[in-house]
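Here the protein sequences come in this chain order: A and B. Here the first sequence is numbered in the working numbering, starting from 1 and rising by one per residue. Here the second sequence is numbered in the working numbering, starting from 1 and rising by one per residue.
These are computed hints drawn from the structure, not numbers from a lab. The beta-carbon is built from N, C-alpha and C at its ideal position, and this holds for glycine as well. Hints are all accurate, no fakes.
Some chain B residues near chain A, calculated using beta-carbon distances under 8 Å:
#1 Leu17
#2 Gln53
#3 Val54
#4 Glu56
#5 Leu62
#6 Tyr123
#7 Leu128
#8 Leu139
#9 Leu164
#10 Ala165
#11 Val168
#12 Trp169
#13 Ser172
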Amino acid sequence: MPAFYLEALTVLLGLGLLMFDAFGPATNKKLVGVAAVLGLTTILAASFFAVGPASAPDAYWAKWSMWQFYQLDGTAQFFKAFALVCTILVILMAIDYRPMLVKFTSEAGREAGTGEYYALPVLACAGMMWMASARDLVSIFVALELVTITFYVLVAYMRRNVGSLEAGVKYLILGALSTGFLVYGIAWIYGMTGTTNLAEISLRLANTAQPVPLVPLLFGIALVLVALGFKVGAVPMQIWIPDVYQGAPSPTTAFLSVGSKAAGFVVLIHFLEPFLAHELTRGPVLTILGLLAAVTLLFGNLAAIPQSNFKRLLAYSSIAHAGFLLLALATGALGTATSLAAWQVVSFYLATYLLMTLAAFFILNLVRIQRGAEDLAAFNGLGKTNPVLALALTLVMAALAGVPLTAGFVGKFLVFQLAVVAGLWWGVVIAFIGVAAGFYYYLKVVRAMYWNAPADGQKPIATPPITRVVLIVLCAAIVIFGVIPMPVLRAINWHSAAAAQVVADPR
Amino acid sequence: MLALLILIPILAAAAILLGAPSRSTAMVAAVLNLALGFYAALTWRADWNSSLQVFETPDIHLAFGFISGVSAVMVLLTVIVTLAAVMSGKAPEGRERLYFASSLLIAAGALGAFISTDLFFFYAFHELALIPTFLMIGLLGRGERTQAAWKITIYLAFGSIVLLAGLVWLASLAGTFSIPEMRTAAATGTLVIPVATQTSIAFLLIVGFGTLISLFPFHSWAAPAYASAPAPTAMLHAGVLKKFGLYGLLLIAVPLVPAGMAALLVPLLVLLLGNIIWVGYVTVNQKRLDLMLGNSSVMHMGYIFLAIAALVADPTNTLAIPAAAVLMFAHGASIALLFALTDKIERRTGTLELADLGGLAKAAPSLAFLFGLAGMASIGLPGLANFAGEVLVFLATFQNFAPAEGFGPVQIATIISLWGVVLSALYMLRAFRRTFQGPELPAFARVADLHWCEKIAPVLLALPLLAVGVYPNLLLSLLRGSLS
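The shape of chain A in the complex, shown without the other chains (with noise of 0.2 Å):
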């Protein structure tokens, strides 16, 4: 199955459920979510079947124009298949949240107005496995407007909400704002180089006869560079990320801090390909890099310390974590046999960064349901109520603070090691102090669920089978990828192992 019929299906799924919607039962979403989910699934089992080039076409696969802007390689592989569970998590995680759906979008009580809730994460799932492969910049630039465009209406979703509705527009404003810098940045790269295709930006580069003017070609780097910026969260292009976070529902958050991040991610990943390649750029753009990091790291986790509010915390605890990536990006790693590549770093964190982020995101939707608040305060005296799942938060907070044993600290420990190997000191340091200020404010969480008393009368939360089911899951592959991390090593490496065998061996 040739690897873009994914995106076709996903499509078409994401447009049968809106059928579905329309013409279905009118009173009960429930079914169009799970119908949702069980579509992804059948698409995420086909996924590893799906074939292509993982590199510019050659004779065989040139026959078909589509595969001059679509590629299949590890990376994407991986990432499609990252962007399909991210998504089947995120629905189920909208199920739970009806109550608070329900509650702000239509009268009370009823369903009528929640079914494209169901139906355009799997529109937005499309997009961000499209980024996954897309190897031309007009290619990437389309499917990036469609996960910002389905993204402007997940985040406004709860239409009788201030603040959704207010994050709704800062998403919009500063969404459209990025978009117009990708377009100018991309339209001064074609200038520079005469193409839009990343494989033939690296001929082009590559032909020092005619050397690019250097300039102006850094400059549209740049302004790209900024319009992914927006989409990773990396400061200076962070403000919207705060106050869209906590405005936004929850699942939507939840969405936009993995999947579109790990989508923006991508996307950064093949755009460097070619300008790290090539001694012309590779200083620069290595350098612009380490300072998005540092200031990204520096302001993401000092910012998060003086947060009281849950949701905002991990706002800006997903800014720290996407410093923590930009520095692997900036060590520009190539992998040795010691050690990865920075590309296959960025993908490890991200998958353990999937699994932490969804389960705080999890835990906190019930607290939101069940206590009606996001503050901190809400959390205390949980380790009382609510053994279990305090226990389950603590093991979460642990890991995305980065204690070893939990699948958070195999990834800062990779992003550590190629800045260590990298040579990148200042990046260490920096690093560092991100991690000691990380240990201080996700560990008041803990505090507040330990230490603090609950308030008076305060009953048990209790846990819906399907966040109890997805808890468990969770957590326990944080601590299983945390002691046995290779698992998913292989599932990064696993198309380029495959790859790799068959050129070794050319039956």
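For this one, chain A is given, so just place chain B on it according to the hints.
Just chain B now, kept in the frame of chain A:
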């Protein structure tokens, strides 16, 4: 099979958190571990080692084994102190699960660090032990517990992070995470690191490990933390977990970056004299028994550092490693015993202010005897294990000493540090006198002596002190096999 040493306490802790009877489960696990630990340390069965690859690039293994005889000694110390810690101390009403599960997790982390032969897990297990330590101090501690918990968290997180940088740098230069492989490569000369790089790594390791060991001037977290920690936590941290740093310096830093450590020898000596003399004076001025013990534990780290310094100055020194190992064992057992007994004193009298105590020996003779034994051990009375350790340290510093060349920095530091012996005698004897001797205070006339079942844990710790003190070969024979 060595992996069982870690699995038993972890599984027991999980069972306790999920609802198993806490005290009895913890006791069973600790007893099982004691038997297993003794057998493992005495037999050194190679078929008990295990290795499981958990990551490909970089090549990381979940591997267990003894790196050297020091690992075996530390395992022995850990299993003994763990059982004593679980037996002594009393969990506050309603928090038994947290109390016993945390103690077991600290023990599991410490054991994991001492039997891991992979740098990644060596580091990771130690961190695993720190989290329950912070929780126990913050949740179940006494006095200014929140402040003490934050202080120890910030200091040790800082130390661990600096340490991680040093270890990752070292591993990336060595191209492997296996500690035995690195040590072999360094010993056979296949691993050559430039001196300037070695010095930077040694600096990171000294600051990192040093913060964890409470090396002067990174020591100020220790006394308040031990003073407010519940008894088992203080016993396990001061007795066992703190030895992680010394163990790391001895088995990783000195063999792998010898030139770097040698370049930092004089600063290291100055700092360790800070531990012995400066902290010694601070200890003399303490007004509370628990703070005094906490500071004395910081001070005694200086002597073990002195053994490490002797090894740094002269890598052929054959006495330094045995000296450090014996002293680590002796200090661990004696400080754990002192913290256990201090807890008993506080439960009986309700105070640890030295000014308010007095005359307890009349009402509680066996408490006084055991405390006296532990106190004498910790100041190095001959016949007890600490004496053997300290004498070995002083001998080690003068091994291969050529009088014609005059005193080197290590010898000078040794001579100054001998004053510390006087200081320890001063504060420990004074504390004993103020607590147990003098006129019996009417308030304490009805204080109960140790019940026989309360004596098991202290005796468990006191026996090795006596045995090793009388016949140090019990421990040294464990080391000798590994030195060849």
